[in-house]
Amino acid sequence: FLMFVCYEKLLFLFPVGGIQFASYYGDHMVLQKAPERAVLWGYGPDDAEVTVSLSGGPVTNNAPAVSVAAGKWRTTLVPMEAGGPYNLTAVLQNNHGITLTDVLFGDVWLCGGQSNMAFTTSLVFNASEELARVSKFPQVRIFMAALEQSDTELTDLAGVEVPWSVPTASMDRLIHSEVVLPN
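Numbered by mature numbering (1 follows the signal peptide of the UniProt record, and there is no 0), the letters in the sequence shown go through residues -18 to -1, 1 to 165 in order.
A portion of the hints provided could be inaccurate.
Claimed, not checked - Restraint-style ranges between C-beta atoms, simulated for each label pair:
# : residue 1 : residue 2 : range
1 : R56       : S117      : 29 to 39 Å
2 : Q131      : E31       : 34 to 44 Å
3 : Y6        : Q75       : 18 to 28 Å
4 : A114      : A51       : 43 to 53 Å
5 : P27       : G95       : 36 to 46 Å
6 : W91       : R115      : 16 to 26 Å
Quick caveat, the hints were computed from the structure, so don't treat them as lab data.
Beta carbons are placed, not taken as given, at the ideal position from N, Cα and C, and that holds for glycine.
Go ahead and model the full structure; you've got the sequences and the hints to work with.
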């Protein structure tokens, strides 16, 4: 399982219900597999307790409850082997919660660049062939942050250009053929 993060334009929305994950966590995402511990964080009301749980896959994983301070919470999961899909849920003690679905654990790759990072599959000369090949790599995911300029350090992305989808097929095949991951 692979995930690519490309930084571009940023937007930020705070949900109703009082709790949310940071903007780059979402349905269909990939979190780093063992031996690393996936770090999860988000926003909630001050002094609330947040419990994060992972379910639906071969392993159930509950992180210890953490408190919200200055509007933010942060926790880590125990190391997870490559696999999934899982549901990832963050819940406040008042039972308001948010669930992310189809979460995988695997290798996370960060990609950066200029126009080469904006070259999507639809722009390729043989786009229909490339899109057909993409279907052979359903566990490869991409996330693209929107382009944003700031004179100060940003805590979170202000928004998302492409939320967790399929990257350019040639990049999928290249990395998938070079990195052997367990199924």
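Measuring from beta carbon to beta carbon, are Q131 and E31 in 34 to 44 Å?
-> holds (36 Å)
Assessment of proposed distance window 43 to 53 Å (beta carbons of A114, A51) = holds (49 Å)
Outcome of range test on Cβ distance (R56, S117; 29 to 39 Å) | holds (36 Å)
Pairwise beta carbon distance, Y6 to Q75, judged against the given window 18 to 28 Å | This hint holds: roughly 25 Å between Cβ atoms.
So the hint says 36 to 46 Å: do the beta-carbon atoms of P27 and G95 match that?
-> holds (39 Å)
Do W91 and R115 keep their Cβ atoms within the hinted range of 16 to 26 Å?
-> About 19 Å separates the Cβ atoms of W91 and R115, which means 16 to 26 Å holds.
In the structure shown, no violation is registered for any of the earlier numbered hints.
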